Structure formats: structure tokens, C-alpha cells
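Student: Based on these hints, arrange chain B on the given structure of chain A.
Protein chains: 2
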Amino acid sequence: MHRLVVVGAGFGGLSAARTLIGKPAEVTIVDQRNFHTFQPLLYEVATAGLESGDVAYPIRSIFGRADNVTFRFATVTGVDWGRHQVSLLEADPLPFDSLIVASGATAKFFGIPGASEFSFPLYTLTDARRLRDHILRRLEQVDADPALTAEGGLTFVVVGGGPTGVEVAGALAELLDVAVRHDGFRFNREDGKIVLVDGLGRLLTPFKESAATYAAKTLRGRGIELRLGRMVKSVTDSCVELDDGEQIPTRTVVWAGGVTVDSTIASRLGTPTGQNGRLVVDADLTISGRDDAYAVGDAAAVPWGPDPADSGRICPQLAQVAIQSGKHAALQAINRMEDRPTEPFRYTDKGIMATIGRRAAVTQFPGGTLVRGTLGWLAWLGLHLLYLIGFRNRIVVLVNWSWRYLSWGSGPRVIVGDNLE
Amino acid sequence: MHRLVVVGAGFGGLSAARTLIGKPAEVTIVDQRNFHTFQPLLYEVATAGLESGDVAYPIRSIFGRADNVTFRFATVTGVDWGRHQVSLLEADPLPFDSLIVASGATAKFFGIPGASEFSFPLYTLTDARRLRDHILRRLEQVDADPALTAEGGLTFVVVGGGPTGVEVAGALAELLDVAVRHDGFRFNREDGKIVLVDGLGRLLTPFKESAATYAAKTLRGRGIELRLGRMVKSVTDSCVELDDGEQIPTRTVVWAGGVTVDSTIASRLGTPTGQNGRLVVDADLTISGRDDAYAVGDAAAVPWGPDPADSGRICPQLAQVAIQSGKHAALQAINRMEDRPTEPFRYTDKGIMATIGRRAAVTQFPGGTLVRGTLGWLAWLGLHLLYLIGFRNRIVVLVNWSWRYLSWGSGPRVIVGDNLE
Chain A
0 MHRLVVVGAG
10 FGGLSAARTL
20 IGKPAEVTIV
30 DQRNFHTFQP
40 LLYEVATAGL
50 ESGDVAYPIR
60 SIFGRADNVT
70 FRFATVTGVD
80 WGRHQVSLLE
90 ADPLPFDSLI
100 VASGATAKFF
110 GIPGASEFSF
120 PLYTLTDARR
130 LRDHILRRLE
140 QVDADPALTA
150 EGGLTFVVVG
160 GGPTGVEVAG
170 ALAELLDVAV
180 RHDGFRFNRE
190 DGKIVLVDGL
200 GRLLTPFKES
210 AATYAAKTLR
220 GRGIELRLGR
230 MVKSVTDSCV
240 ELDDGEQIPT
250 RTVVWAGGVT
260 VDSTIASRLG
270 TPTGQNGRLV
280 VDADLTISGR
290 DDAYAVGDAA
300 AVPWGPDPAD
310 SGRICPQLAQ
320 VAIQSGKHAA
330 LQAINRMEDR
340 PTEPFRYTDK
350 GIMATIGRRA
360 AVTQFPGGTL
370 VRGTLGWLAW
380 LGLHLLYLIG
390 FRNRIVVLVN
400 WSWRYLSWGS
410 GPRVIVGDNL
420 E
Chain B
0 MHRLVVVGAG
10 FGGLSAARTL
20 IGKPAEVTIV
30 DQRNFHTFQP
40 LLYEVATAGL
50 ESGDVAYPIR
60 SIFGRADNVT
70 FRFATVTGVD
80 WGRHQVSLLE
90 ADPLPFDSLI
100 VASGATAKFF
110 GIPGASEFSF
120 PLYTLTDARR
130 LRDHILRRLE
140 QVDADPALTA
150 EGGLTFVVVG
160 GGPTGVEVAG
170 ALAELLDVAV
180 RHDGFRFNRE
190 DGKIVLVDGL
200 GRLLTPFKES
210 AATYAAKTLR
220 GRGIELRLGR
230 MVKSVTDSCV
240 ELDDGEQIPT
250 RTVVWAGGVT
260 VDSTIASRLG
270 TPTGQNGRLV
280 VDADLTISGR
290 DDAYAVGDAA
300 AVPWGPDPAD
310 SGRICPQLAQ
320 VAIQSGKHAA
330 LQAINRMEDR
340 PTEPFRYTDK
350 GIMATIGRRA
360 AVTQFPGGTL
370 VRGTLGWLAW
380 LGLHLLYLIG
390 FRNRIVVLVN
400 WSWRYLSWGS
410 GPRVIVGDNL
420 E
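Sequence order for the protein chains is A and B.
Using numbering that gives the first Met the number 0, the letters of the first sequence map in sequence onto residues 0 to 420.
Using numbering that gives the first Met the number 0, the letters of the second sequence map in sequence onto residues 0 to 420.
Only chain A is shown next, with the shape it has when bound in the complex (with noise of 0.2 Å):
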């Protein structure tokens, strides 16, 4: 039986799994964790919105009842391309036949000085976790201290106005309205400062202007600073200095400045490698050099189509590239293991959407049209709902959201640090 290996259980990897199911292939799928996440909604975990558990599927849940998917709970270190062994951590290697490269991104810090020392990035489950511990703790210490607010005890700096920063940027601020109102710190709501930081001289830089101006307006009404046009000069332990020699004391800063595939897995493939790492692949996603090897999602530099007018167009990172990619490449697979001639991947663009927070959301759909405001948001919520479907954890997201939606007092503000005990 042909051997098919997957590497990693995000949206990339899941998709081509799931594809190939009941197909003529022993397919494994290796991840270091043994759940899928549903990163979208890390922001929401990160400000304490839901639990980790409502973001976190277990793989094996998936495939349990597929008799040709294996799930292997292992750390790849590498792959052998003389051996066509897949290297793991401890572990025996494993043999494959035809192998699809699914193992994603890691936070982009452009080598500013303590980025990736003191700030807080937003991509794995553990990421976070370890953000809204942080916050929470920020919060309980300035209410024990609160000559802590002046050296920014109460001040987060959000870098990236991308949809995640955006999105952190109006939780943030829901989740200090609501510490305020109803968990009985002692703080002003005025003392908490959020502060939105990127380098370009508009937000949502993917979605139309006038998206921008309406998430620039909305999160300023929400009472968020917004420094656009400037760059983050340094990162310390309690300071976020600007280009323009702003200084801005915080204890904060999260980090949504973009990703690389640099220094991850994908990057020791030895195979070539474009703009942020983004392994090579031709046209039907095989990796550029192999035809055994297939690359997809934040791995990749996915080609838009195949069209002439799309000619050198790399998709963006975004769920949606993943989920087409890992399905194509697993079909390409089987194409090429039945002899037949693969077929070029070509994307089909499905529109994007930012959640600015409570009923204030930006949907963009393929033709251009916005939906905006209450609108956009229900759109939102109704489809990262659609998208959990066949996950158990749709139903406590909706519980957990309606409850939240309802009553405002009582989200999983729980801080949960090992360190604790």
C-alpha cells in the first residue's frame, strides 16, 4: 500500500488528511500536539473570551473511525529524501512514499531588538494561554498596586493591524470593560490604554479602504490609540519605544506583526525557499525539485491559479489557502499515484472578514462588496460557527458566546499558569 504522510494537524494538514480518507493509501498524519486548533479564534482565548478547550480538537477524534488515517503524536525534525523517511524526535523515522508538508508558520519579529524576548505572540494554543494568564495577572496586580498604572501596568501595545491585530485590540478593550464593570477591580476603565501600532498608514492593509477607515473609526470610539505609519524601534520588559522616539510604558505588548516559516521545520527541507521562508512549490503544490512532496498552506508560497493574469501571485496566509491547498495536494497525490497527470491548484477566493469586537465586524466578499457593522459581524459569527461543524466544541462555543453575549459577567477570566502551584 502507497504510504502518504502529513505533516501537521492545522487547517492544511486536516484537510488533506480528511481527503484522503477511504482513499487506496496507508496515510499518516504526524503533529507535536495531539489536537487541531482553531486559530482564528486564539484572540478570543487570549482575552479570556473562551477556553482553550472551545479552540482544541482532538486529532484522533477526526480519524478515529477512518481505517486508512493514522494519527502519530510526534515532534518531525527533519526529512531523509535519500532515505524517503520522515525524521522524528526520539522516535523511530517513518517511511513514506509520498509525503505532504503541512507544518505551518512561527511569529515574524523582522529582528527588532526584544520582540521576541518580551512580547507576546498570537499562533499556538500555548501562545494563548500564556497571553491572557499575562493579562489577567497584569490586571490583579495593578489592583493590589495601583501606582503600577503610571509604569504601564494597564497599557497594551497590540503590534500589527492585520485582522488579528485588530481583533486582539477590540477584545482587549471588551475585556477591561468588563473587569471594570463586573469583577470588581478597583481601577478606572480610563487607566486601561490600548494602544494599536503598524508600520503601514492603514489598517486591514487585505481589505478595501474604506474598511480600513470604518475599523480605524470604530476601534477609536472604543476608546483604542491607533499609531499608524510607525514602526516599532525596541521591545523591553516595560517599554515599547517607536521610530519617531515615542515611548510608551507597558507591561503588554502582542505580538501580531505577521509570520515566516523561517527556522521552522519547512525551512530544513534543504528544498528552495521564497519571501518569509515560504517553501517553493509548482504549479499543482509539489515542492519545487520533488515529485513526491507536496507543500500547502502557511508552509507554502501557494500560487493563486494558473491563469496568465495571476503570474508570479502568492496566495495570502489565511485558513481558506490552507483548507484548498491540503485538499489539492492530497488529490495531486492520488492522481499521481494512479498514473494520471496532476492538475494545477488554483485558489477560490471566498472573501475576508475582521471582528472589531461586539456587533462590529468588516466582510469583504470576491467581488469587492462590504457588509459592515452589526451585519458583518453576525456573518462572522455564523461562519467561524459553520466552520467548527463536526466539532463537538461548536456547541460550547455557541454556549459560551450567547452566555457571554447575554450576560457580560462571567467569561473564562481564569489564570491556569503551572507557575500557580
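Treat the hints as calculated values from the structure; they're not laboratory data.
Possibly wrong hints are sitting among the right ones.
For the chain B half of the interface with chain A, some residues (derived, Cβ under 7 Å), not all of them [unchecked claim]:
no., residue
1, 52
2, 59
3, 62
4, 63
5, 181
6, 183
7, 338
8, 342
Pair by pair, the computed Cβ-Cβ distance ranges are [what the hints assert, rightly or not]:
no., chain 1, residue 1, chain 2, residue 2, range
9, B, 235, A, 339, 55 to 61 Å
10, B, 287, A, 74, 52 to 58 Å
11, A, 110, B, 180, 46 to 52 Å
12, B, 224, A, 185, 53 to 59 Å
13, B, 20, A, 220, 47 to 53 Å
Please read these numbers as outputs of a predicted model, since none were measured by experiment.
Even glycine gets a Cβ: it sits at the ideal position worked out from N, Cα and C.
Tutor: What follows is chain B alone, placed relative to chain A:
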């Protein structure tokens, strides 16, 4: 205003602080966690039946709207009786006029070699999460390398035949059932072995003999091996040795062997202690030798009641005792503050219950009436959900439970340990 400090936000401290809402005292409840833990369901978290968040409730959400109750997130290190201050770790001390000590207990290892080092207690949420991660990792390890089964990779030893031990053993059997049936693990259910050890000749000592017989029969029917009347002699990272020389190769020892107050904060108060280090208290729950401090719950040797027939009788360490004694101490502090005489505590036995798993539990009412089987389980389920009322969590717990009960396929079997990253 009279300053009243409550140490600990378990059942006892929470009950005391809730009783004091709106009373003429400035109340501070201090805990090293920012959440209350619903301990009776920790075993469900440990066996991946519930999420951490289902049994954790933010303390601030309970007292956020109470004007006279403040939460303080800090670790208590002792009490300075001379200055009337509670000492805190890395923070200024908390002055008090009255004090209620509800600092709980900790696992008791009876000095058995290796027990504290190699076994998993189940008293805090962190304990439960660590145990869950450990169990799920063992299943993954054996799946990757079946030879580990012979070395105890799938053997789970539970020490202690009280309600917690019985509950854990039953839930472990269910976890193994689900893992094999739905999660695609390659080992057989028969490879998994659960052994319950207790030094006494029977299970569930606080219950009538017939409850113990029922529990033993039910556990055996679910494949669990019982070693009753046997003591654990030593624990290592790969084996448990019993007093009759039997060696059980295992990688997982769950410690449900009882609790002690020794080495907790309560043990450092310099006031008299009794069996298991529990603080000696007078009939009205004041700490022996003090008139400004009370002790309640697991931390105290709570007297059963003032009737001569109950002379010297001490309450068991149960949630009900903590709840009732916490409330009583709060009322007596108010009585004394307002120059009224204090009243003796009187425990109202509301019955005890233990679940052995799906559709099997025993409930023993105060008169001695036993309800068992499905009816006992429904009583257990109803009571636990009832106790979560007022907490958002009950809805999530209900959804989780219902879903698990119906689907059997998607509990939160997620390994979230930080060492994954």
C-alpha cells in the same frame, strides 16, 4: 469598618465570603488562584471527560458586584498574630480584625517511599490537568511502541478506595473504552489494566457495606482489578510494590489516598493541631486559643455538633462540611463583632454519594437509605449540576456531559502541557 480576611476560596472560604455580602464588614478573600475549583469533578478533568474551565470559576465573577467583598490574588505565607496581619508572598501584609482560615488540605502520602515523587494526586486543577496530560501521553506512547504495554505503559494504579479512588478508576475504564472504540488507538482494550488498591478490606468506608459490595461488583464488571486489604509499600517511575510483595509494573499511579493539613499554611499558624494536622477549633469554630480567628473546611477539625452523643466526633473532609462550616464561621464573626454570643456549629448530614461511572453511582441518605445504579447516578448528576447553579459553568458542563453521553466520541482528550511547545 471591621476588617475581615478570608484565606482561601475553596468551598469553605467561598461560603464564608458569600455569607458576608452586605454585612457591616470590609471583607477580603485571598487566594493564590483567581478561581474557585469545583473539586468533586476534578476526576472528570483528569480523565478527559470535562474541560478545565468546566470546574473553574473566576472568584471576581462571584464578588464583582458585592460592595464590601474584595478579592486579593496573592499567596498567604503565614499569620502575624501580634500585629493582626496575614503575611503575603512578595506583597504588603493584609491587616485584619477577624480572620477565617479556609486554606484546605493537600495529598497525604504516609511517608511511603516514592509516593510523593512518582504518583499523581488529585486535589487541585493543576493536579487534574497534569494527570490528564500524563494519561493521554501514555496512550500515545504505547500506540507508537506497543512493546511498552509489557512495561506497564497501559497499567493505571489507583491508590485509595474512597469516593475519589472509585470515581477515578471507573472513569479511567471509560476513557480506555472510548480511546479504543473511537480514537483509533491500535492497542486492544484488554491491554489496558486498571488496579485499585486500598489498605482496608472494603471500598467506600464512609458508606454502608452494601454500597461497598455494589461498588466492588460494578468495578470488577468493568474490568477493574481490586487489591483490598493491601498497602502500597513503594512507588517508582515504573512500578508499584504492595505489602505482600506483588509488583505491578506501571507508569501511572493516581494518589487518592487521603489528605492532610501538614505543611500547608494552616500548619504554620502556631495554634494547636489534631489528626492530619487539622486545626483544633472550639464548638463555635474559633481557632483554639483565639477569639478573633476561625478555621473551617478541610483545614479544620470541625466538630460534628454540640450534642453529648457527638462529643469528640469530627466531621469528614467533604464539600458539605466546608460549605456549612464556612457559613457558620462567618455568622459567628458577625455575632462577635456586634457583641452577641456565638453559637456552636452543628453539621447537617445531607448524605454522601460516589459515582462509579456511566449509569452507576451510590447515594446514601442520612437515614442510611441507599440509592444505586442508574437512579443513584441520576441523583448524583442532578446534585452536581445543582451545585454549579449560579455558575455559567453548569451550562457548559451540561452540554459537555450530554454530548459525551450521546456521542461517546469527542471528549476533550487534548494534551495542553506547556512542554509541548
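Student: Hint validation: residue 181 of chain B versus chain A, beta carbon distance must be below 7 Å. Holds or violated?
Tutor: Holds: closest Cβ of chain A sits about 5 Å from residue 181 of chain B, inside 7 Å.
Student: Given residue 62 of chain B as an interface hint, is the shortest Cβ-Cβ distance to chain A below 7 Å?
Tutor: Result: holds, 6 Å to nearest chain A Cβ.
Student: Holds or violated: is there a CB of chain A closer than 7 Å to the CB of residue 183 of chain B?
Tutor: holds (4 Å)
Student: If you take the shortest Cβ to Cβ gap from residue 338 of chain B to chain A, is it below 7 Å?
Tutor: violated (30 Å)
Student: Given a hint of 53 to 59 Å, does the C-beta separation of residue 224 of chain B and residue 185 of chain A actually sit inside it?
Tutor: At roughly 55 Å between Cβ atoms, residue 185 of chain A and residue 224 of chain B fall inside 53 to 59 Å, so the hint holds.
Student: Starting from the range 52 to 58 Å, see whether the pair residue 287 of chain B and residue 74 of chain A falls in it by beta-carbon distance.
Tutor: 55 Å Cβ-Cβ, so the 52 to 58 Å window holds.
Student: Less than 7 Å between beta-carbons is the criterion; does residue 59 of chain B satisfy it with respect to chain A?
Tutor: Cβ of residue 59 of chain B sits 4 Å from chain A, so the hint holds.
Student: Quick check on residue 342 of chain B please, does its C-beta sit within 7 Å of some C-beta on chain A?
Tutor: violated (31 Å)
Student: Under the criterion of a CB-CB separation shorter than 7 Å, is residue 52 of chain B in contact with chain A as hinted?
Tutor: holds (4 Å)
Student: Holds or violated: 47 to 53 Å for the Cβ distance of residue 20 of chain B and residue 220 of chain A?
Tutor: The hinted range 47 to 53 Å is violated for residue 20 of chain B and residue 220 of chain A, with Cβ atoms some 36 Å apart.
Student: Residue 63 of chain B was flagged as interface toward chain A. Is the shortest Cβ-Cβ separation under 7 Å?
Tutor: holds (4 Å)
Student: Taking 55 to 61 Å as the stated bounds, is the beta-carbon spacing between residue 235 of chain B and residue 339 of chain A within them?
Tutor: holds (57 Å)
In summary, the structure is inconsistent with hints 7, 8, 13 from the numbered list given earlier, while agreeing with the others.
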